[in-house]
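Work out the full structure: start from the sequences and follow the hints.
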Amino acid sequence: MNQFVAAARQATRALREIFPRTPLQRNDHLSKRFDAEIWLKREDLSPVRSYKLRGAFTAMRKVRAANPGQTHFVCASAGNHAQGVAFACRHFGVHGTIFMPVTTPKQKIDKTKAFGGDAVQIILTGDYFDQTLTASQAFCAERGAHFLSPFDDDDVIEGQASVAVEILDQLGRAPDLVILPVGGGGLSAGVTQFMRVEAPQTEYRFVEPVGGASLTAALKAQEPVKLRTVNSFVDGAAVARLGDKTFAALSWVKPDEVLLAPEDRICVTMLEMLNIEGIVLEPAGALSVDVLPTLAEQIAGKTVVCVTSGGNFDFERLPEVKERAQRFSGTKKYFILRMPQRPGALKEFLNMLGPEDDIARFEYLKKSARNFGSVLIGIETTHARNFDAFFAQLDAAAFQFQDITNDDVLSEFLI
Numbered sequence: 000m001n002q003f004v005a006a007a008r009q010a011t012r013a014l015r016e017i018f019p020r021t022p023l024q025r026n027d028h029l030s031k032r033f034d035a036e037i038w039l040k041r042e043d044l045s046p047v048r049s050y051k052l053r054g055a056f057t058a059m060r061k062v063r064a065a066n067p068g069q070t071h072f073v074c075a076s077a078g079n080h081a082q083g084v085a086f087a088c089r090h091f092g093v094h095g096t097i098f099m100p101v102t103t104p105k106q107k108i109d110k111t112k113a114f115g116g117d118a119v120q121i122i123l124t125g126d127y128f129d130q131t132l133t134a135s136q137a138f139c140a141e142r143g144a145h146f147l148s149p150f151d152d153d154d155v156i157e158g159q160a161s162v163a164v165e166i167l168d169q170l171g172r173a174p175d176l177v178i179l180p181v182g183g184g185g186l187s188a189g190v191t192q193f194m195r196v197e198a199p200q201t202e203y204r205f206v207e208p209v210g211g212a213s214l215t216a217a218l219k220a221q222e223p224v225k226l227r228t229v230n231s232f233v234d235g236a237a238v239a240r241l242g243d244k245t246f247a248a249l250s251w252v253k254p255d256e257v258l259l260a261p262e263d264r265i266c267v268t269m270l271e272m273l274n275i276e277g278i279v280l281e282p283a284g285a286l287s288v289d290v291l292p293t294l295a296e297q298i299a300g301k302t303v304v305c306v307t308s309g310g311n312f313d314f315e316r317l318p319e320v321k322e323r324a325q326r327f328s329g330t331k332k333y334f335i336l337r338m339p340q341r342p343g344a345l346k347e348f349l350n351m352l353g354p355e356d357d358i359a360r361f362e363y364l365k366k367s368a369r370n371f372g373s374v375l376i377g378i379e380t381t382h383a384r385n386f387d388a389f390f391a392q393l394d395a396a397a398f399q400f401q402d403i404t405n406d407d408v409l410s411e412f413l414i
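Counting in this note's numbering, the sequence shown runs from 0 upward without gaps.
Accuracy of the hints is not assured; some may be wrong.
Cut-off 27 Å, straight-line C-alpha distance, at most; resulting in silico cross-link-like pairs (DSS-like, lysine-lysine) [stated by the list, open to error]:
#1 K219 to K244
#2 K31 to K301
#3 K107 to K225
#4 K253 to K225
#5 K253 to K219
#6 K253 to K301
#7 K107 to K321
#8 K321 to K110
#9 K31 to K321
#10 K105 to K321
#11 K61 to K110
#12 K112 to K61
#13 K225 to K244
#14 K61 to K244
If you are wondering where the hints come from, they were derived from the structure by calculation, not from laboratory data. Only a predicted model underlies this, so the values are computations on that prediction, with no experimental measurement involved.
Here it is as structure tokens:
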């Protein structure tokens, strides 16, 4: 038996100490919509609501087996990896020091504390993850602890491969296609390294957020490169640089097998899964489902497995997700209107709104001249096509306006 395959199966058996295999569920809604067999590998239902526990537990188990005297582990993370490490530390009775950025939401800090209990210490440092990572590695070297990388570690990759072991065991056959989210590459490296041996006919698609396309950049450069900017909205996959080890395991991937998901479109998918299926997914956890419409013609009649990688979603973010989804769908727009300062002008404007239109924001910015004032207006509607009629009326009445919905600079300051 292939050495990696054997190690992945052993890792899977060891994981049964702490949790049963996560469900592989056929999703009737998606299957009917895309005329295919769509299965969801529900990593959002692990004890820490993500697959990260697999890699953290496996790496810690193997380090402890090789060096029983190693009782101190260190990691840097603002999310799922921190929770996986905390859970594993408590299980093994070792001490963990977890570095998190100062900007980490309190909800994630509290969850990490809850999973680790007295076994972990959390240190908040750095405004950005790179600063946090540097501090954690310096601390680790000083204390002689073992650093647990979130993805660029052979043992972590081996642990993530347990997802593939379970998929084949649960499905009972090889799927035609597996869709995997990509951040640092640990999950994709582990799953494909196992399945390319055990299910050689299976194909893959890899999904990255537009604002964190580290695999795309690495394939183009033929080596891992650091992205100049990263959009942190899809925090579970917003990684500036693919790992060296993960790239070595993924260098065979063809560029056209990597799909990019716009952050706002991911919000549409998150809301659909929540409202229709009652499934709570974080942005990274929705990546694999988000690209199904793009692949519709390719997957018809096929068996497709989407790995829903995480469900650590803070519902305080729900208004932002809804806002992004509406803007992407075209059912909510913001614009700056040059409002005439004359009696009846506001009433004239309001009469242009249709029965499905609703004002979500109305704010005078300033009087730009004695006879006009600039107004910030946000409008929600039921169907995007309603804006065509509305804007036509504005033009006919000679109301001057500027659509700023997709103007990132203005939106950041005004909305």
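Kindly indicate which numbered hints from before are broken by the structure, ordering the numbers from low to high. none
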